[in-house]
Amino acid sequence: KAGVTQTPRYLIKTRGQQVTLSCSPISGHRSVSWYQQTPGQGLQFLFEYFSETQRNKGNFPGRFSGRQFSNSRSEMNVSTLELGDSALYLCASSDIRHTDTQYFGPGTRLTVL
Amino acid sequence: GESVGLHLPTLSVQEGDNSIINCAYSNSASDYFIWYKQESGKGPQFIIDIRSNMDKRQGQRVTVLLNKTVKHLSLQIAATQPGDSAVYFCAENTSENAGGTSYGKLTFGQGTILTVHP
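These protein sequences, in sequence, are chains A and B. Numbered according to the numbering used here, the first sequence spans residues 2 to 114. Numbered according to the numbering used here, the second sequence spans residues 11 to 128.
One thing to keep in mind: the hints can contain errors.
[Claimed, not checked] Residues from chain B that face chain A, not an exhaustive set, calculated with beta carbons under 7 Å:
(1) 42
(2) 53
(3) 59
(4) 105
(5) 113
(6) 115
[Unchecked claim] Taking lysine-lysine and the BS3-like style, the derived pairs with C-alpha atoms no more than 25 Å apart in a straight line are:
(7) B:66 to B:78
(8) B:47 to B:81
(9) B:66 to A:14
(10) B:47 to A:2
(11) A:2 to B:52
Hint data in this document are derived by calculation from the structure and do not stem from the laboratory. Note that the Cβ used here is the ideal one computed from N, Cα and C, for glycine as well.
Required output: the full structure, derived from the provided sequences and hints.
Shown next as structure tokens:
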């Protein structure tokens, strides 16, 4: 099976802009989680989607949002970008019918100037 | 204010040595634990997992030990190779299949940098 894919791999934006990141889970996986990774805070949970529903959300401002489509693909959006949003954004998928294991994609490197 | 980066613990070993990476977890309700390996420029890669009803699990060249009494997890890598050089993260969760409601949320440790010298 193909692994988790994320697009784009790299993005450069300026403060105040918005950005949309995409994640395609492993085929058959219906749970998608998003994480932010920074040198200062490490890996932090953003939110999780299952069957097009957000079931869990981390401690991030409302500028961070997401959604999931019927084919389990997910997008996350960050509005009104701030310098501190520069990070590696990681998506992970899981087949929760059988396991809690999450498999990660390569991430999207977002740089905010 | 100025952000301060995490100061990751480091472990430096010679090729062929055994490596032990430690992790303390915080939530006594966690019942599922995973080790990930992250190489530069890549996403975390699953290594091995363990549930709280076990205290040891072995994979290929890796062993995870769980001590619930002191909330400690360790990853042992046998015959460490240069390709094992990476950052290693432990993560914990309260599993959905066990009735947990922390859906999809892994809580990660800060990570340990492993460097293997040829």
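For the pair we were handed, residue 66 of chain B and residue 78 of chain B, check the Cα-Cα distance against 25 Å.
holds (11 Å)
CA of residue 47 of chain B to CA of residue 2 of chain A, is that 25 Å or under?
Holds - the C-alpha atoms of residue 2 of chain A and residue 47 of chain B are around 20 Å apart, at most 25 Å.
Answer holds if the nearest beta-carbon of chain A is closer than 7 Å to that of residue 113 of chain B; otherwise answer violated.
Cβ of residue 113 of chain B sits 4 Å from chain A, so the hint holds.
Would you check the hint for residue 47 of chain B and residue 81 of chain B, treating anything up to 25 Å between C-alpha atoms as holding?
holds (21 Å)
Holds or violated: are the alpha carbons of residue 2 of chain A and residue 52 of chain B at most 25 Å from each other?
holds (19 Å)
Within a Cα-Cα threshold of 25 Å, do residue 66 of chain B and residue 14 of chain A meet the stated pairing?
At roughly 46 Å apart (the allowed maximum being 25 Å), residue 14 of chain A and residue 66 of chain B break the hint.
Would the hint on residue 59 of chain B stand, with a C-beta cut-off of 7 Å toward chain A?
Given a least distance of 6 Å, the restraint on residue 59 of chain B holds.
Regarding the hint that residue 53 of chain B lies at the interface with chain A, is the smallest CB-CB distance below 7 Å?
With a minimum Cβ separation of about 4 Å from chain A (threshold 7 Å), the hint on residue 53 of chain B holds.
Closest C-beta approach of residue 105 of chain B to chain A relative to 7 Å, hint status
holds (4 Å)
Checking hints one by one. Is residue 42 of chain B an interface residue toward chain A, by the C-beta closer than 7 Å rule?
Hint on residue 42 of chain B: holds, closest Cβ of chain A at ~5 Å, below 7 Å.
Is the hint on residue 115 of chain B kept, meaning its closest Cβ partner in chain A is under 7 Å away?
Holds: closest Cβ of chain A sits about 5 Å from residue 115 of chain B, inside 7 Å.
Checked against the numbered hints given earlier, the structure breaks only hint 9 and satisfies all the rest.
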